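Enquirer: Chains A and B supply the protein sequences, listed in that same order.
Sequential numbering of the first sequence, starting at 1, is according to the UniProt record's numbering.
Sequential numbering of the second sequence, starting at 1, is according to the UniProt record's numbering.
There could be a bad hint or two in this list.
Note that the list lumps identical chains together, so a pair holds whenever it fits in one copy or between two copies.
Claimed, not checked - Listed below are the simulated SDA-like cross-link pairs for lysine to any residue, each with C-alpha atoms no more than 25 Å apart in a straight line:
#: 1; residue 1: K317; residue 2: F472
#: 2; residue 1: K317; residue 2: R388
#: 3; residue 1: K62; residue 2: A383
#: 4; residue 1: K317; residue 2: Q162
#: 5; residue 1: K311; residue 2: R388
#: 6; residue 1: K311; residue 2: E127
#: 7; residue 1: K62; residue 2: G451
#: 8; residue 1: K311; residue 2: V155
#: 9; residue 1: K317; residue 2: T249
#: 10; residue 1: K420; residue 2: M480
#: 11; residue 1: K311; residue 2: V402
#: 12; residue 1: K311; residue 2: G274
#: 13; residue 1: K311; residue 2: L45
#: 14; residue 1: K62; residue 2: Y419
#: 15; residue 1: K298; residue 2: A253
#: 16; residue 1: K420; residue 2: E306
#: 17; residue 1: K311; residue 2: A446
#: 18; residue 1: K62; residue 2: I445
#: 19; residue 1: K420; residue 2: H58
#: 20; residue 1: K298; residue 2: M84
#: 21; residue 1: K298; residue 2: P98
#: 22; residue 1: K317; residue 2: V348
#: 23; residue 1: K298; residue 2: H120
Hints in this document: simulated from the structure, not taken from any laboratory.
Nothing here was measured: the structure is a model prediction, and the numbers come from that model.
There are 2 protein chains.
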Amino acid sequence: MTDAGNDRKTDAEDDPREAEQTARQAEPAEESESWEDEWSLDPTLPARAAAAAAERDHIGLKRLIEDLHAADVADLLEQLGHDMREAVVQVLGADLDPEVLSELDDDVRDDVLAAMDPEHLARAARELDADDVVYLIEDLDEDQQQNVLEALEPVDRTAVQQALNYPEYTAGRMMRRDFVAAPPHWTVGQMIDHMRAHDDLPDAFHDVVLVDPALKPVGLAPLSRIMGSGRDRVLRDLQRDQMEIIDATEPQADVAYGFNQYHMASAPVVDEAGRLVGVILMEDAMEALDEEAEEDLKRLSGVGDESLSDKVWEITKLRFPWLAVNLGTAILASMVISQFDATIAQIVALAVLMPIVASMGGNAATQTLAVAVRALATRDLTAANMRRLVTRETVVGFTNGVIFAVMVAVVEVIWYGDYKLAAVIGVAMVINMVAAGLAGILIPIALDRAGADPALASGTFVTTVTDVVGFFSFLGLAGMVLL
Amino acid sequence: MTDAGNDRKTDAEDDPREAEQTARQAEPAEESESWEDEWSLDPTLPARAAAAAAERDHIGLKRLIEDLHAADVADLLEQLGHDMREAVVQVLGADLDPEVLSELDDDVRDDVLAAMDPEHLARAARELDADDVVYLIEDLDEDQQQNVLEALEPVDRTAVQQALNYPEYTAGRMMRRDFVAAPPHWTVGQMIDHMRAHDDLPDAFHDVVLVDPALKPVGLAPLSRIMGSGRDRVLRDLQRDQMEIIDATEPQADVAYGFNQYHMASAPVVDEAGRLVGVILMEDAMEALDEEAEEDLKRLSGVGDESLSDKVWEITKLRFPWLAVNLGTAILASMVISQFDATIAQIVALAVLMPIVASMGGNAATQTLAVAVRALATRDLTAANMRRLVTRETVVGFTNGVIFAVMVAVVEVIWYGDYKLAAVIGVAMVINMVAAGLAGILIPIALDRAGADPALASGTFVTTVTDVVGFFSFLGLAGMVLL
């Protein structure tokens, strides 16, 4: 299953000139002029690829993409509409680099797989690493999955099947099954000779995993230290200070956090018995970190697991639930207002001014919420500092409340010249800003304690609080003071 | 400047038992039971550390933190209040691991530096790598900066000064000046012998940078390939297919994007003349990626560059600007409402129902906005698919608009039994949801084109649009139809 990696290595070995050219293309002079252009896809490329595919111009299409990194070809496919994407995949046929498949967003991936010749798909699977094959087929029908699995070598098939047994978004799905392990008593010389004797080394690895006879990881020896030490040094003496052993069922969010917190280059993954079954590299963790950040951003904004290439009805369906919840909370806020309709009928200025109180509260709550959700994700908001932070948010809410109370009261006086109403809106503003601070931090904490994702429904809950408190305090006070 | 790294390595070399113990402590059985506990800081620790510091119990305090990773000690300091933090730093004195300083959030870092004995600070700087020293002193007064710089070896001082010349958040600040470079014609044997002869190798590196005689990078030879190849192989033949050369002035957001897109382990950084001046490793890029994700999340929610340890008045000051902008836009929305005060005076139900239209528009716009901002950050929303995505958002807005128009009209009929008003609120809902979709995607695109961060002010602009359009369409239609 390391064929892809080895192919690549062999290419570079056979044709050093080519590899050198690739490096030259990225020379600094060009780089500084057109970074955007170099790291972003050429914006005319999708249209040109689509045109070539429409003309069934296999050679032209192949030439367009042959110098691109697999990740860029994946971006190109993602930017095309469904029909064009299908056409490009079919015209490319066997010339679609299997690595591209593992770089695709999951819905585009399924689109591309559906457009591929089953024979090409099977061949692609044979060229990919087990973790990439897992990503490729995890959402396929059982039949299609079986077809791909049957095309694999027995060893690889077992590896893929085992990985599929772990739940999605866990270490067991992320890990690479291609790793280098050695007993801790080996010398540098033994290690180097062993590596030189094996030409099926993984394409990327940063550490040799030191294992005991029961295959339990006991340390990590970084390649940089092995290479810098004499042949007679023992690997055990070169190992890193720290090794985090990851359980195969750990959620990927925790794995990503750990790698970023401790700047780890790699970590061994073990099964329930504590035996080494795979390795996660920092590059895998970085991808997971990016996915988790995207999820937090989207969840906080009430967006589900949608992607840019989803079709209209998919997007509509995915966004519907949070809008429906919001309709419910908006109706709740309206019911609060309707309690005061007699008051509003007498003083229409209340209807004019009430959105200001609600809107300021909503904004202040959103600010607090973003900080709290992020702090929970990075484990910086803990039992140790919770009380201090809740107090701080309350004080900040109060302080900003007083400042904006004065500002909005001045606006009211200029507008309506009613000092009593100015006092009412000012007091309501302070109350709502304090409520905003409290809701903004307490609601995500409560969700987190309850085992839910603090980002998930916080936004809706929090603005419900600020709408209800805002309308109630403003209209209620007005009714008491002004009538 | 690689002393810290070497110390660490030497520790492990001198005392293999200790290193093995560290590994054992992380055995899988414990791991699976208490991942949360192991990767999160013990929540009682900050209080215990504060108590020890209050009693000036140097030994007790030292014992509490001696087994912690530097990143965890940094978290501990971040979770303490200002006074306690100062006490802990002063009681620890010279026993505060310099690595902790480079793990701190920037405001806590400045707090800790102020509490440190200048002599300890100078010694800490001598133990850190140049990139960490830069982070340490970048925000200090010129006087204090000078003091630290004078404590450094001349070579290190120059390195730090050069790095400080690059703007913050650029590759020049991120890069490590400690790297291994070699001519491409060297053999594996020469390379290994060279590395064995030098005991000041960087603590972490994944590639040897191949350079031409003018010090321009021409390729990257991964350690894994060097180690797996015979002594007579030439490095040029082992180099990676792809190398991205990074200009020292490139923004860190672009660097982070590139590493994640291309799964790079390291990338050479060059000056204006194209000469190699440093190397960025994936671990540095991962940190930058995390910082950028935090920034997007916060900017989208109208939060500035605040951190958990900021004091009340700092937070208040940082959140004020966006609240002030929001006050302005809320007043604008109120002015729209005030145009229709005569209408509202006649039909109070309008005041009750109008927040529903505005709120649904605001929510729908926030959803679109989150997707658009993320897609711009990952360069998935480009000139090639912009038209398609804008169309899609319009259609999604219209579709959801129709669905929720029907729902809200039904609610209105149940509530007020007024079919004309039901029609008015339904039509206003469709108009506002379409406006929400358009504003949610066009405003961040426009900001991006103008060279601004699309996340920065989008939220405020977008909800202004949905408030104004929502109130205007609902009240305006009501005035026309119902009176």
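Enquirer: Compare the structure with each hint and give your call.
Expert: Hints and how they fare:
Taking the shortest alpha-carbon separations for K317 and F472, neither the intra-copy value of 33 Å nor the inter-copy value of 28 Å comes in at or below 25 Å. For the identical chains of this complex, K317 and R388 are inter-copy neighbours only, at 19 Å across copies versus 41 Å inside a copy, given an alpha-carbon limit of 25 Å. In this assembly of identical chains, the alpha carbons of K62 and A383 lie at most 25 Å apart only when taken from different copies (22 Å versus 57 Å within one copy). Taking the shortest alpha-carbon separations for K317 and Q162, neither the intra-copy value of 33 Å nor the inter-copy value of 54 Å comes in at or below 25 Å.
In this homomeric assembly, K311 and R388 come within 25 Å of each other (Cα to Cα) only across copies, at 11 Å, whereas the closest approach inside a single copy is 46 Å. Neither within a single protomer nor between protomers do K311 and E127 lie at most 25 Å apart by alpha-carbon distance, with minima of 31 Å and 55 Å respectively. Taking the shortest alpha-carbon separations for K62 and G451, neither the intra-copy value of 49 Å nor the inter-copy value of 34 Å comes in at or below 25 Å. Neither within a single protomer nor between protomers do K311 and V155 lie at most 25 Å apart by alpha-carbon distance, with minima of 38 Å and 58 Å respectively.
Within a single copy, K317 and T249 get their C-alpha atoms no closer than 31 Å, and across copies no closer than 44 Å, so neither meets the 25 Å cut-off. In this homomeric assembly, K420 and M480 come within 25 Å of each other (Cα to Cα) only inside a single copy, at 11 Å, whereas the closest approach across copies is 33 Å. Taking identical chains as interchangeable, the C-alpha atoms of K311 and V402 lie at most 25 Å apart only when they sit on different chains, with a minimum of 18 Å there against 47 Å within one chain. For a Cα distance limit of 25 Å, the shortest separation of K311 from G274 qualifies neither inside one copy, at 44 Å, nor across copies, at 45 Å.
For the homomeric pair K311 and L45, the shortest alpha-carbon distance inside one copy (22 Å) is at most 25 Å, but the shortest distance between copies (50 Å) is not. Taking the shortest Cα distances, K62 and Y419 never come within 25 Å of each other, neither inside one copy (74 Å) nor across copies (61 Å). For the homomeric pair K298 and A253, the shortest alpha-carbon distances inside one copy (15 Å) and between copies (20 Å) are both at most 25 Å. In this assembly of identical chains, K420 and E306 lie within 25 Å of each other by CA distance neither inside one copy nor across copies; the values are 49 Å within and 37 Å between.
In this assembly of identical chains, the alpha carbons of K311 and A446 lie at most 25 Å apart only when taken from different copies (24 Å versus 35 Å within one copy). In this assembly of identical chains, the alpha carbons of K62 and I445 never lie at most 25 Å apart, being 52 Å within a copy and 32 Å across copies at closest. In the homo-oligomer, the alpha carbons of K420 and H58 never lie at most 25 Å apart, since the shortest distance is 77 Å inside one protomer and 60 Å across protomers. In this assembly of identical chains, the alpha carbons of K298 and M84 never lie at most 25 Å apart, being 28 Å within a copy and 37 Å across copies at closest.
In this homomeric assembly, K298 and P98 never come within 25 Å of each other (Cα to Cα): the closest approach is 30 Å inside a single copy and 37 Å across copies. Taking the shortest Cα distances, K317 and V348 never come within 25 Å of each other, neither inside one copy (39 Å) nor across copies (34 Å). Taking the shortest alpha-carbon separations for K298 and H120, neither the intra-copy value of 35 Å nor the inter-copy value of 45 Å comes in at or below 25 Å.
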